[in-house]
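Undergrad: Could you put the whole structure together from the sequences, leaning on the hints where they help?
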Amino acid sequence: MSTLKILRDLFRYNGEFAIGLVLVLVVLAVAVCSFFSPYPPMDVYVVPPDVPPSWEYPLGTTSRGQDVFWQLTFAIRNTLLFGIVVAVLSRIISLAVGLISGYKGGWVDRVLMSINDTFVVIPLFPILVLFYFIMRDQMSWVMLAVITALLGWAYDARLIRSIAMSLRTREFTRQAVFSGMGTGKIVLQEHLPFVLPIVFSTTMNNINWSIGIEVTLSVLGFTDINTPTIGGMIYWANQHTALVSGIWWWITFPVVLVIMLFIGLFLLAISMNEYIDPRSRLSRLGGQA
Amino acid sequence: MITELRPIPPSVELKAPQTAPLLTVDRLKAYYKTQLFGVDREVRAVDDVSLKINRNEIYGLAGESSSGKSSLIKTIAGAIRPPFRVVEGSVRFNFKDGERDIYKLSPQELSAIRWSHLSYIMQGSMSVLNPVRRIKHAFADFALPHVSVKGADFTRLVERHLKRVHLDPAVLQAYPHELSGGMRQRVTIALATVCSPEFIIADEPTTALDVIVQKGVLSMVREIQQELGSSVLFVTHDMAVHANLTDRLGIMYAGRLVEEGRTRDVFKKPLHPYTAHLISSLPRIGDEAPKKGLEGSPPSLADPPSGCRFHPRCPLAIDICHREAPQMVEILPGHRAACHVAQADPTRVEAVA
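Residue numbers (this note's numbering), protein chains in the order written: chain A, 1 to 289; chain B, 1001 to 1353.
Everything labelled a hint here was simulated from the structure, so no lab data went into it. Glycine is no exception: its CB is placed at the ideal position from the N, C-alpha and C atoms. One thing to keep in mind: the hints can contain errors.
[What the hints assert, rightly or not] Heads up, incomplete: computed chain A residues facing chain B, CB under 8 Å, no partners named:
hint	residue
1	R170
2	F172
3	Q189
TA: Structure (structure tokens):
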């Protein structure tokens, strides 16, 4: 069954997938709009401040004289990009660590897993705040993404390792060893296809998790606040006491959009699980999977 | 289980006998050695085994579970990993392009003889194919590095081989789960023989198949063997398969080879009491007498009995059996056994069962 057909069937028969896909597509559409923005993202006082939602400014304007809608398009694009970069980087680490440690076993496994467990128990938030205070002005968006990725791979590496350990004892692995395939080839050609569906599913969760981290940090002002992000918008709204002065649209729309993204990704992740699990897959797709 | 098979002519008598054996296993000892929490354990899975396998013959290896069959063939294939290691002895192959001692080769040299000279059909070979990869990828992954041709030539080679073993080349596009159990087994055997190896090790390739499919697989093994002129080491605990397929038969008990001879001779006139019991336990059509089982169970290989390892269960055991391990001795022409009693008087063993 081709990938397109799988997606079509999932959309038809799996409610979670359909809702999740629609939500994520809406968010993506908003992000794509940023390329058509009439205003540069960093500029302030380009529109009259504190205008409530109207036909001219559909989501209103901020106290800093920015159009909330166009500001939001940049914010969600950066936030989403942040999530994806973190997810991709941390997936690479967790795949490498998980597959190699699960396949190799022995001392390689012990060393990698003790590093892994260290990362599992490290208190994440204080570390990130600490990084912000050490780096201060050098704390760019890329830097934060790399640091978050370095802190976000450990749980999934353990998951992947558990699968690799069971794959190691399967006959085709023994056959591969007998035919003289090296570790790299066995891991990449024989084992990677097994873990990919799970990696897809954890990617969504990881995007969610890293966006959560980013929003939390920027709401508190622990990031580069000049790059527009969802958290950054909320930070500026708080700085201007938007809720007290009744500028609710400044804080509501970013929150609603990021919640849509959360729910969309979460639904995609669980429907991916649904697809990976053969039992539920059979019942959903009428036994033709 | 008696498998009804059309009689397959033994190949040894068809072809001119070859003098130099293809495989010589000499006094091989391979133990599982572990050190856990300061406790040394030694499981003597292969203990002092010597055997020779000629060119162009099917050698059967029989024995119950945990008798060391799989360990022996893993050692022969050079596919062992710690804690299992060879303690003593040698495994020598006399391939067409020269003699090789498996345990004196570098990893590269070992890898080079695999598939092209020495091939291994693994136990549970139903799952040898990776379920998420197409069959053609299995061929490319496992066999491609061992042949000189690449690309389209390789595909042609594989297709020709599949046709030769009566498989539709269309299976190359399939995933393993799309094939039936018998087909998968045949694909696995085709995969192991695609490079025309001189020596094929088959570890219970017919277990878990029903007798009809078994028959197909067995005649496929025989056909390939005759076409390639290679030797097959065929391991199974199913004596009916041995009776139908193998030219010579070795019986293992508790990590040792206890009897070896032409299959017909071993079945007709067993020289070791264990073999005698094994054969008398096979059901025969029309025989309604209840079968008597052998007392006791196979010994632990971590702590084997002294002397002959079979003596605690042997109805013929005499004094010397407790003290001295019998050597494999040729008692009748081409028929060896490790039994003190049989070495003194071969007729006594026949009467035992």
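Undergrad: Would you mind marking each hint as holding or not holding in the structure?
TA: Right, here's what the structure says about each hint:
1. A least Cβ separation of about 6 Å between R170 (chain A) and chain B falls short of the 8 Å threshold, and the interface hint therefore holds.
2. Given the 8 Å rule on beta carbons, the hint for F172 (chain A) holds: about 4 Å separates it from the nearest Cβ of chain B.
3. Interface hint status for Q189 (chain A): upheld, as the beta-carbon distance to the closest one in chain B is roughly 6 Å, under 8 Å.
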